[in-house]
Every structure is written in C-alpha cells, then in structure tokens.
Amino acid sequence: MSGSVNITVDGKQVAVPAGLNLIEAARYAGKSVPHYCYHPRLSVAGNCRICLVEIQGQGKLQIACNTRVTEGMSYFTDNDRVRKAREGVMELLLINHPLDCPICDQAGECKLQEYAVEHGSGITRYAFEKVRKPKNVSWGDKVVFDSERCILCTRCVRFLDEVAGTPEVGLDLRGEKCTLVVKGDGKLTSPYQMNIIDLCPVGALTSRDFRFKSRVWFMHFTDTVCTSCARGCNTVVGSRGDRVLRMVPRTNPDVNDSWMCDFGRLHYAFVNDETRLTLPRVAGKGAPYATALQRAKAILEGARGQGILAVASPFMTNEELFAMKELLDRLGVEDRFFLKPTGEGDDLLVHPEKCPNARGAALLGFAEAPAEWPSKEYGALLYFAPHEGADLPEEVLLRAKRRIVFSLKEREADVCFPLTTWIEKDGTVVSAGDRLQRLTKGISFEPTLVTERTVLDRLHASLDAAHRPPDTAAQAVARLAAAVPAFAGVTWQRIGPLGMKLEAAGAPA
Amino acid sequence: MIGETRVMLEHAGDPEQRTLAGYRKHGGYQALAKALREMKPEEVTEEVLKSGLRGRGGAGFPTGRKWKFVPKTTKRKYIAVNADESEPGTCKDRQIMENDPHQLIEGTLLAAYAIGAETCYIYVRGEYPHSIAALENALDEARGAGLVGRDIMGSGFSCDIWVHPGAGAYICGEETALLTSLEGNRGYPRLRPPFPAVEGLWKSPTVVNNVETLSCVTHILRRGAAWFSSLGCEGSTGTRLFCISGHVKNPGVYELECGKFTLRELLMDLAGGTPSGRPIKGVLPGGSSMPVLTEAELDVRFDLDSIAKAGSSLGSGAIMVFDDSVSAVDVALNISQFYSHESCGQCTPCREGSDWVRLMLDAVRRGEAKTKDVALLLDVLDRIEGNTICALAEAFCWPVRSFVRKFGAEFEAHVAGRASA
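Sequence lines, in order, name chains Z and X. Residue 800 is where the first sequence starts when you use the working numbering, and the numbers rise one by one after that. Residue 160 is where the second sequence starts when you use the working numbering, and the numbers rise one by one after that.
Pulled out of the complex, with its shape left as it was, chain Z reads as follows (with noise of 0.2 Å):
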C-alpha cells in the first residue's frame, strides 16, 4: 500500500499514512499521547515536552509531536521510562503552577487537571514558594490573562502570529519568570483573538465575557453553525438553563479548520433577550397561538385577489423557507423576496453576507430584495424581519392593508409572530460555497414558543385540510429533498455533524 507506513506502537502492528507525526499515528494504535503545546492547526513548538515516548533504536526520548513515523519504527508510549519522564514533566509544569483549581474557569476541562490525574503522581515534592507573576492581566476588552496558570506552550502565540495575522503577543523575562506580553499598549486588537483562549490548554486566558458565569458540568453543549455570517462556522454552544453561555468553535477542516471569529462568538446576546416575543400579538395584544392563527388565516385569505407580498428572512432554515414555499405556492403568491444583509467580510472567516441563509432562500425561489420595490399595493404582507440588517422600507410596509409579521421583538402588526433563534430549532442552512450544515436544537427559550415551520404549516393546514406537514427537522429535510432538485438525495444523517457540499446546487466550488 503506497502512502502507508508499517509502524508499531506499544507493541501493536498498524499501516499509517506516511508523513503523520508519533502522536497523530499513535492513534491508530488506540494509543493517545498526552500533548499540551502541540496542535495539528499550528506550527510544532516542541516545549511543553509531555510527549515524549521512546523510539527503538534511540537513546534518548523524543517528542512525539517532532518526529514523524518512517517504515519499520516502533517507538514506546507507555512504558516504565516513558512514565517516569512524563511524569516528571507533569509535576514540574504544577510546581509553580498555583493550583487555584476552585476558582479557575478552566476547571472541567482542563489539560493540566486531565494529564495530572491520568500522567500525575498525586502528590507534590516541592518544598520552596511558588514564583509570583501576574494576575488578573487585562489583554483588552475581551481576554484576561494569568501568567501564574500559564505553561509557556506558545499556541496563543503562534496562533496570532501563523493564523491570524496579527503577531501581537511575545514572551518576556526568562526561565522560572518567563510571561508572556502582549505587545505595543497590551491591547489584543485581532478580530479573532478570542481563538486563543480556547486553545489554551490551562485557565491562563479566560473569557472576559464567560469567565465566572458557569462551572462547565452544569452546563449542556450543542454541536451546531454560527449563524453571523455566511461562513456557518462550526460551534458548540454551552447553555444552562435555557440561556447560551458561550459558543466556541468546532473543528470542520472544510469551512472553519478549529476557528471562528469574536464578533460570531459573543452575538448570542439577542437570543437572551428577556425582552423578547414570546406570545403572538394580536392588533397589539398577546394571544394565543390559536388566537393568532386564525387572524391570519382570515387575513390571507381576504387578500387573495388584491395581491399578497412574502419577503422571508435570510436567518430562515431551509425548511421554514420551503415550508413558507409552500403556503405561498397554495395562496399564488408571486412576489416572493428576502433581506439580506450585507457588510465587511476578511480573507480567513467573516463572509460578507452577515446571515446563515441567503443561498438557501434564493435555492428556494426568493428573490434578494429589489432596489426598488414593486409599486404595487398588496391586500396583505406575509413577512418575517431579519434578525439583523436593514429592515423592510416604511413605505413598503405601508402598501399592504394587512400585516403578519414574524419577529424577535414586538412591532406593529395586525398578527406579529414570535420568531426562534438558531438555538432553539433543528434545521439546515446553505452556508458559503453551497454547504449545506445543521443547526441543533439546544435551549428552549421560552416553553410556550412555537418555531416558525410549525406556525407557517398549521397555518396552511387551516387553508388546506389536506396538508400533511413534517414532523421532525429529518422529515422536514426528506420533504424539501423530495421538492427541490438542489436538495436532491439530501437526508439529516447524511448532512452529519460537518455538513455536505450541494452539489446538485450547482455552484462554482
């Protein structure tokens, strides 16, 4: 098998592909070495020094993380000497690290506590007084740093320096005092600074904007895409209670490697919104749903005949917009368009579409919304405001004698709709360079909420006796796949938690 090398790891046989180093080809055996400064994304730093393992034929230990795997090497990741190395390096990386574990946010997912139970020997030999450095450090409005918890693996260094452009921290002082700075007035100004402190394996850069609020094991995490742009960055999302406490990125080597930007990150504070719809609004009153329902069946079905405007919302799933398709197919609605809003984007993440969908709504048969509107007067106006972004012009709005308005917020309306955020749906969207990605359902705002595609197929139930809408977000997609050729032999499994490339959708690569 060409490509493929013949190593042994811990005495274990295995073919590996060529070029991998120990630590990515140890896995192949089942075998995990412990590393901190190594990361696949960034250049190899080689100083935390806990990976190292012993190769047959070589009389001292090496990095794991520094060698690559060649044909016939087999190399020790477990034994007595390998053990004994590593566990020194574990107790000396806690000699002066302050073991302030209670207080740490990284507590429950830490590297140190990871490798000091599993590579540790649980008890500490040290006699003298830790070094003192500083605490409680401000990098900018975003990231605090704590040298004292601070291991010197570099990867927030070479993180800004090798992926972000922006070479702004550095070390000072040496050995024992060693810190890292940020440099100029120690500011962080990178866009994507807030990278680093996930990538910090101990809780030396925390999260201005998460520190304190929740210990990790109280929380629930959900696999889902960031929905500020068009990038569809891959996340988990921790909540607790309802409430989204962070996003962080996940890693999908074909949309975001293991990065997102901070302005995705820390835009969550609208789906927290206390202040937010909850209960339909009926000429201005809170109703209930079935209160609501009809109103608007009345309302649409008076139209019928004067004219009927949809405009959707490019933060729309895939299967709200194909289930509004269809209601608006069975009413013979023809002017159909979505707001899409529009910004800066860079050349590493931030696409300049600053929503999740707009592709899927034109795949879907709405029109980006026109310069200059159709001077038509319509009997009602089916619409459903942008999370974000410009909203539909006053005096469009005003052409319609009639108005249902889906929304975050109140707004005036003969029926305003709550809308749901990204976190609390199933659901698929066409994110840049035609990937069709989920989003996971991971908080339920408020109990009494009703998504979008159900209000939109009861709705068309009510019109339509005949109408047999999808149940779950796998229907859903099966229904719109059924439809639509773009979607064609499209199912929620074979999306999988990184997302497929439309090919049916026929956009350049």
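The reader is advised that the hints may include incorrect statements.
Straight-line distance between alpha carbons at most 20 Å, and here's what the computed SDA-like set of lysine to any residue pairs gives [said to hold, decoys possible]: (1) 976(Z) with 497(X); (2) 982(Z) with 344(X); (3) 929(Z) with 894(Z); (4) 883(Z) with 533(X); (5) 982(Z) with 343(X); (6) 929(Z) with 912(Z); (7) 929(Z) with 522(X); (8) 859(Z) with 220(X).
Keep in mind the hints are simulated off the structure, nothing from the lab.
On the provided structure of chain Z, position chain X as indicated by the hints.
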C-alpha cells in the same frame, strides 16, 4: 616540562598583528589566496576533514563532517561564527579576536568558500566590546584591501562578513539560539531536526563554527592537514586553547597540544599547582557545564577522548580548579544559580527544574534540607536531563550530579546540619 605550542597565539603579543600589514607579514591571507586560486571548494573541505579538526565550542564535532552536511544544491547559505563566548571560565576566543582577528576572518572566508556561502555573521558576546571593535577594525581593513566583499582577490568569489553583538543571554551561545537571535528574535534554541547545516538562518543551510575552530582552519590551509594532524594526538589533533582559572599559581590562556601529558602534570607543572599549597580538590575540565574530576582522577591523559572516558569533557576549554578550602556544595549551588538564571524558559523541564535544583541546593547549603532531599535532588535531575530542547539542562544536571556523587559526604554533612563551612 610541559610547554606551549603556539600556532593561533604565535603572534598574539605583537600589536602589529592586529593590523592587516602585520598579519600579512606572517603569511596572512596566503591560505585564502591559495584556496581561491588553486583549490575547489570541496578540496578545502577535504583538507579540513583530513586534519582531524574537531569543533572547539564544546561538543567536539568533526568540522569537515559538519561542512559536508550542507546540501550542494541550495543557493543561499550562511556561515555563523559563534563568538558568544559565555561559558563560565572561558576566555580564549577573545584572545584571538582582540590580538589576531584576521586569522578568524581568513578562516571564516575559507569556510564560506568551502560551503558556498556569500554572507557570514560573527555573533560576538555583547560584553566583549574590545573584541567587537577589533573585529570591526580588521574587517574594515580587509574590505578596503578587497579581501572581504565582492570578487575577492579577483577570484570571482564574493563574501561579506558582518559583526553582530549579542545582548547578554548565555543561551545565545547555543548554536540554534544564536541563529534565532541573529534573525532578530528572542534567543530560543530550536528543535532538531532540522539541523542548522540543512536549515539554519532564514531556513537556509548554515554552518555554525566557533572562533577557535575557524582560526584553526586558517592554519590548516596555510600549512597543510598533515602538519596539523601531526600536532596533538589522535582524536585531538592540532593545538587547542585552554583557559586555566581558579586555584592555580599561573592562571591564563595556554595553547597546548593534547595527549602529551596528564591533567595533573598540566595543573602542577604548567599552572604551578595551588597558590596556597593545599591539595587540589576538584577540577572542572571543560567549563562549568561539565562533570567535576576529583584529585584522584587527575592522572587522566589530557585529550578529548581520555577525559571523556573519565566521565567528563574538555568542553569549551575552560579548566577551573579549586583546592580543598572550597565547599563542594557551594560550587554546585553557584553553578545551579548561573544556569537557572540563564535558562531561557522555553521548555518545561529546564524552565521549572533549573530553579528547583537551585532552591534545593540552597536549602542543602543552609542546612535546611533533610537526608531524603539529596535523593530527591538526584531524582529531579533524572527527570530533567535528556528531556529538553537544548543542552542547557545537561549543563547543570551533569556538574550538579557529579558533585553530589563525588562529594556525597559533604552534602550529607550539610543536611545533618553539621557543616563546618
């Protein structure tokens, strides 16, 4: 009677030697002229290989072999001259730089010609302002005479040499840290592989050679490999500079042929023994980073391989002697203080361990340690040694361990609080 064989320091006493005219009077730049006119670059390397020259910076690696690692295909290559003479007790390279700088320049040009480098940097210890000035003056003269720069002696070979002062870090004498520092970065040693000869300065092949090593190259090319290897002994050919300091009557820098006498003869005859007349207690034969040899071990033949067999090393050529008035614990503590101060902080075992070792020795010295702490000290050394990026960890592990092993009784006395000193 042991005498010096002066080659590199032959004219060191003559102030004229620092000038180009003076240097030329004694055959200066004739080796370069011959090499450029009559020899192919690989013939220069062969001559150095045949001479048996081994690096004088500490590790003793065969110089010709190092040059041969340089890939022939790469266009841009460098010579980096390690003049960051910082190993405690070492003061030999400055003798060359300050008294006879042109032999270093000539040797550097020969090395550059051999490997095909057109740019050389002399990285000089920042605390050596006189060396820096002497080199700058010599380079100015050499440049003016067309010996450095474009089309040297009309040969078509161009090569420039720049002097770069260090900023005071011991670690920058480590060859890869020197390169990182030369590039303008924090002086951190690099992971090997890749080795500098393959990937050094700005990712280009770079040969890092010590000042004395390159000075030897000048004399090898001037008088031939056969002449050079007739000096000294097998494994330690040529002459070598030794810096004898500490408790000896005649401290100083000596140029010697190895293999002709024992360490004891060297210390007693040439260096005159201890000024106090007290017995020698220990000798660090190759700088502070090498294991100590006790009085009982002084009859070892004085050459690279014999000293290595005795469990130490000639290292950088600094021989430090102390008589029996000195406490072994004090020496070990002093050494650990130096290395913990100079640990660059890059990798865990050295960064954290060097200071812990210092603290433990300090506790021993103050009589605050317990018997088991000496065993702990040795165990911690075991966990550090061999597990780091560069050899700075060995530089304190080796001597400290040797002191504990060879002067165990003194450590025992201290931990029991019975130390007299």
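These are the hints, each one checked on the structure:
Pair hint residue 976(Z) plus residue 497(X) holds up; C-alpha atoms about 15 Å apart against a cutoff of 20 Å. A threshold of 20 Å between alpha carbons decides the hint, and for residue 982(Z) with residue 344(X) the separation of about 14 Å falls inside it, so the pair holds. Taken as a hint, the residue 929(Z) and residue 894(Z) pair is honoured in the structure, with Cα atoms around 7 Å apart against an allowance of 20 Å. Between the alpha carbons of residue 883(Z) and residue 533(X) the distance comes to roughly 19 Å, so the proposed pair stays at or under 20 Å and holds.
A distance of roughly 16 Å separates the Cα atoms of residue 982(Z) and residue 343(X); the hinted pair therefore holds under the 20 Å criterion. Between residue 929(Z) and residue 912(Z) the alpha-carbon distance is near 18 Å, which keeps this suggested pair within the 20 Å criterion. Of the supplied pair hints, the one linking residue 929(Z) and residue 522(X) holds, its CA atoms being roughly 15 Å apart against a limit of 20 Å. Taking the CA atoms of residue 859(Z) and residue 220(X), the gap is about 19 Å. The hint holds against a cut of 20 Å.
Of the hints listed earlier, there is not a single one the structure fails to meet.
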